[in-house]
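A.B. asks: The lines below spell out each chain.
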Amino acid sequence: MKWFLQALIGMLLAGVASIATAQNEQFIPVLSYRIGPYAAGGSGYFGGAIDYWTLVNLNGGINGVKIVWEECETEYNASRGVECYERLKTRHGGASTVEPLSTGIAYGLFERVANDKIPMTTNGYGLAIAADGRVFPWVFPLGTTYWDQAAAMIAYLGQKAGGEANLKGKKIVFMYHDSAYGKEPIPVFDALSARDGFELTKIPLTPPATTQESQWLQVRQLKPDYVILWGYGVMNPVALKTAAKLGYPRDHILGVWWAASEEDVIPAGDAAKGYVAAAFSAHGTNFPVMQEIVKKVYGGGKGNLEDKARIGSIYHTRGITYAIMITEAIRQAQNHFGKGKVMSPEQVRWGLEHLDLSEARLKELGASGLFPPVKTSCSDHEGSGMVKFEQWDGKEFKSLTPFMAGDRALTKKMVEEGAAKYAGEKKITPRDCSKEG
Amino acid sequence: MLYREAGQFKSTYAADSAILPIRQDRIGLALILIVAFVVVPLTASPYLFSALLIPCLILALAALGLNLLTGYAGQLSLGTAAFMAVGAFMSYNFILRIPGIPLLLAFAGGGVTAAAVGILFGLPSLRIRGFYLAVATLAAQFFILWCLTKVGWFTNYNPSGVITAQPMVILGYAFDTPQEKYLLVLSIVTVMALAAKNMVRGNIGRQWMAIRDMDVAAEVIGIRPMRAKLLAFAVSSFYCGVAGALFAYAYLGTVEPEAYNLDLSFRILFMIIIGGVGTVLGAFLGSAFIVLLPIALNIGVAFLDNTLHLNVPTSVGSNLELMVFGGLIIFFLIVEPHGLARIWQITKEKLRLWPFPY
Chain F
12 MKWFLQALIG MLLAGVASIA TAQNEQFIPV LSYRIGPYAA GGSGYFGGAI DYWTLVNLNG
72 GINGVKIVWE ECETEYNASR GVECYERLKT RHGGASTVEP LSTGIAYGLF ERVANDKIPM
132 TTNGYGLAIA ADGRVFPWVF PLGTTYWDQA AAMIAYLGQK AGGEANLKGK KIVFMYHDSA
192 YGKEPIPVFD ALSARDGFEL TKIPLTPPAT TQESQWLQVR QLKPDYVILW GYGVMNPVAL
252 KTAAKLGYPR DHILGVWWAA SEEDVIPAGD AAKGYVAAAF SAHGTNFPVM QEIVKKVYGG
312 GKGNLEDKAR IGSIYHTRGI TYAIMITEAI RQAQNHFGKG KVMSPEQVRW GLEHLDLSEA
372 RLKELGASGL FPPVKTSCSD HEGSGMVKFE QWDGKEFKSL TPFMAGDRAL TKKMVEEGAA
432 KYAGEKKITP RDCSKEG
Chain C
-18 MLYREAGQFK STYAADSAIL PIRQDRIGLA LILIVAFVVV PLTASPYLFS ALLIPCLILA
42 LAALGLNLLT GYAGQLSLGT AAFMAVGAFM SYNFILRIPG IPLLLAFAGG GVTAAAVGIL
102 FGLPSLRIRG FYLAVATLAA QFFILWCLTK VGWFTNYNPS GVITAQPMVI LGYAFDTPQE
162 KYLLVLSIVT VMALAAKNMV RGNIGRQWMA IRDMDVAAEV IGIRPMRAKL LAFAVSSFYC
222 GVAGALFAYA YLGTVEPEAY NLDLSFRILF MIIIGGVGTV LGAFLGSAFI VLLPIALNIG
282 VAFLDNTLHL NVPTSVGSNL ELMVFGGLII FFLIVEPHGL ARIWQITKEK LRLWPFPY
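Chains as they are written, first to last, in the working numbering: chain F, 12 to 448; chain C, -18 to 339.
Please note that the accuracy of each hint is not assured.
Rough simulated footprint, nothing fancy, chain F against chain C, three-plus residues with beta-carbon under 8 angstroms [as the list claims (entries may be wrong)]:
id, region
1, 27 to 36
2, 140 to 147
3, 234 to 241
4, 288 to 299
Taking lysine-lysine pairs in the DSS-like style, the calculated list, with each CA pair at most 30 angstroms apart, reads [to be verified]:
id, chain 1, residue 1, chain 2, residue 2
5, F, K182, C, K131
6, F, K213, C, K131
7, F, K432, C, K131
Pulled from the structure, derived: some chain C residues nowhere near chain F, Cβ distances all over 12 angstroms [to be verified]:
id, residue
8, L85
9, R110
10, M173
11, R182
12, M195
13, I276
14, I311
15, V316
Bear in mind the hints are in silico, worked out from the structure with no lab data behind them. Ideal Cβ positions, reconstructed from N, Cα and C, are used throughout, including at glycine.
Throw the hints in and build the complete structure from the sequences for me.
C.D. replies: In structure tokens form, the structure reads like this:
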């Protein structure tokens, strides 16, 4: 075993020595997963992020500071993710921020990022109570949390019914991936069910859920008005195919955004037509920033995706959305702490906490309509809370609604209660937002 | 030449039946322990501790538990990760609900609960063997995880179903730096490995090996199979439970039941197969192979990519790593089906004759 350690130390030292610590570089470690069952999502998302940062560097960097990144394969495994983070966090002058795109890895990194003082983003997933920045100063569930998405889903269903009060008496089935990810929105659904008066039935799907006959037979017996599908991976197309087989109309199935990519519906074939799903970003190449990426990045042979047909796919644009938010956070930090200088992780954290991506700024970036405006603050690490709903027509997801939010007042209250309980358990004193800048 | 025991005479029965009868072995182990306890904490980086050494040691402890059950007692088990999960979640509950309980007692409590659960799921072993028993323990794996997800009491009614490990404090001293966690894990693993080695050399170890080799004959000569088999399940699950508690407290910090899924059970089984079933050293060698080698390959591929400027796409690099790892497993199992521990044993035997060939 010892020679393993020696060889490792040797390789590490050699690796570090061969890369000079450059001065004008902002380092972002990329904890990607490109193999395994979730490879399609991981390669699209991180490919998109890398594409956008390549574009930023081609355009001169952030006030002259170039972004440099290094990828490490996590295989969507918590131990590998922790190992990748520990390995990369001191490279190239220190990591500025990290995004694991995995609930398991994010949980493993929670305490480490607080100790190492490196901000972690959990873009569109993760612990919803981390939106309260007073208890979680180093965690940013940017974009939207699961709780806000759940609230938005009920708001959309209310809209379809002609008002949320009309949901009274309706039956909604919540089919969820039986894990922390799937159980996360249950408190919000329970609260909204109590408030609006709809009947909520929860049906868990034990992963990988490659056969769901019994669950959908239960659905057929219940005859609900809507089914909310909260799955991940292969259980999504299986759910749609089983629903088609048992005759449940797919346009009454509402999916979470991790069940809303092309990879989730294409394997289901015709069974997926009419399926509605949520998204926290738009997709396609119709945006000026996407056109720029196609022209400058892929035109120059620097694109990250190997299959050019995937440019503009849902995971690709999600990754670009994340990269835009991070770049703007670093830019915001530079505006405050010194333009053209490399930002330390604490300064990047400040930038993430004072992110103000207004509609006007999005237009300047060429991303107007790509995702809703994001404005974070000390007590709100989420920033947006808005989702849009799209319907699969067999070829692509067509937009049904603009970006909309659910009952954010309710979710904000629940976030604060949950965060306070967490703070009490872990004996953390919440920060006082009014005292800080 | 260096490894001869010529001139080493034993004058007491105790000296004759020592674990390490040859002086060179004792010196070697003393050196390893000095390096592990003194040199490594002073020289290694925090990355080495928190990402490599701690998981390697914790999984070695779990592999040791499985080796006692599968290697020595011959009862094939696929529920290792589930018993680890029991240990982790029950340790969390003991510390949460019994204020002021010592940390090590909470870990032991988690281990004892895991042992009780292990006995329960080991009851089928009295009737079925081999492959069919593996299926029964597979049921344990799925049932225990389902139970931990469903019953809110285990996670203190946390809405996400995860537990956050409390800080580790022994007699007022907090173990929060990677070094301190590493030393705590190393101490626990050393003590339990010594206990395991003594167990397998004693009466109970011989009973297990008799059951493994020919259980009907063992019953005929007076070994009670129920006691031996259930004790094997209990001891093995105790080790796995303590390893699971350490996995949550000293490594990940926040765990959901999915962290102890079937994938981890298989990994631990592969560790003992590659390391060597039926040996204590095999657990450690196998753990090092399965935990450290993929990371070494990952670093190696990245290093080659950087120095030779091949610009290998990352997906190709990751798949290459998996292929090389699989190839090495096949290579080692063809070269030595009994595992790395057997390779080490053969090396020692050849060293005793060296420089002569026979």
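A.B. asks: When you check the alpha-carbon spacing of K432 (chain F) and K131 (chain C), does it fall within 30 angstroms?
C.D. replies: holds, 21 angstroms
A.B. asks: Measure nothing beyond the straight line between the CA atoms of K213 (chain F) and K131 (chain C); if it is 30 angstroms or shorter, mark the hint as holding.
C.D. replies: holds, 12 angstroms
A.B. asks: Just double-check M173 (chain C) for me: nearest Cβ-Cβ distance to chain F has to come out over 12 angstroms.
C.D. replies: holds, 18 angstroms
A.B. asks: Take a quick look at V316 (chain C) and tell me if its Cβ sits farther than 12 angstroms from every Cβ on chain F, holds or violated.
C.D. replies: holds, 18 angstroms
A.B. asks: Between the region 288 to 299 of chain C and chain F, see if three or more residues pass the 8 angstroms beta-carbon test, and mark the coverage as holds or violated.
C.D. replies: It holds: at least three residues are needed, and the region 288 to 299 of chain C offers 6 whose Cβ sits within less than 8 angstroms of chain F.
A.B. asks: Quick one: work out the minimum CB distance from R110 (chain C) to chain F and report holds if it exceeds 12 angstroms, violated otherwise.
C.D. replies: holds, 28 angstroms
A.B. asks: Taking 30 angstroms as the top limit, are the C-alpha atoms of K182 (chain F) and K131 (chain C) close enough?
C.D. replies: holds, 23 angstroms
A.B. asks: Going by Cβ atoms, does M195 (chain C) stay more than 12 angstroms from chain F at every point?
C.D. replies: For M195 (chain C), whose nearest Cβ neighbour in chain F is about 34 angstroms away, the distance exceeds 12 angstroms, so it holds.
A.B. asks: Minimum Cβ separation between L85 (chain C) and chain F greater than 12 angstroms?
C.D. replies: holds, 21 angstroms
A.B. asks: Within the region 140 to 147 of chain C, is the number of residues with a Cβ closer than 8 angstroms to a Cβ of chain F three or more?
C.D. replies: Contact hint for the region 140 to 147 of chain C vs chain F: holds, 5 residues under 8 angstroms.
A.B. asks: Tell me whether the statement that chain F covers the region 234 to 241 of chain C is true, taking a Cβ distance below 8 angstroms and needing three residues at minimum.
C.D. replies: holds (count 7)
A.B. asks: Is the listed coverage of the region 27 to 36 of chain C by chain F valid when you require three or more residues with a beta carbon under 8 angstroms from a beta carbon of that chain?
C.D. replies: holds (count 7)
The structure fails hint 13 only (numbered hints given earlier).
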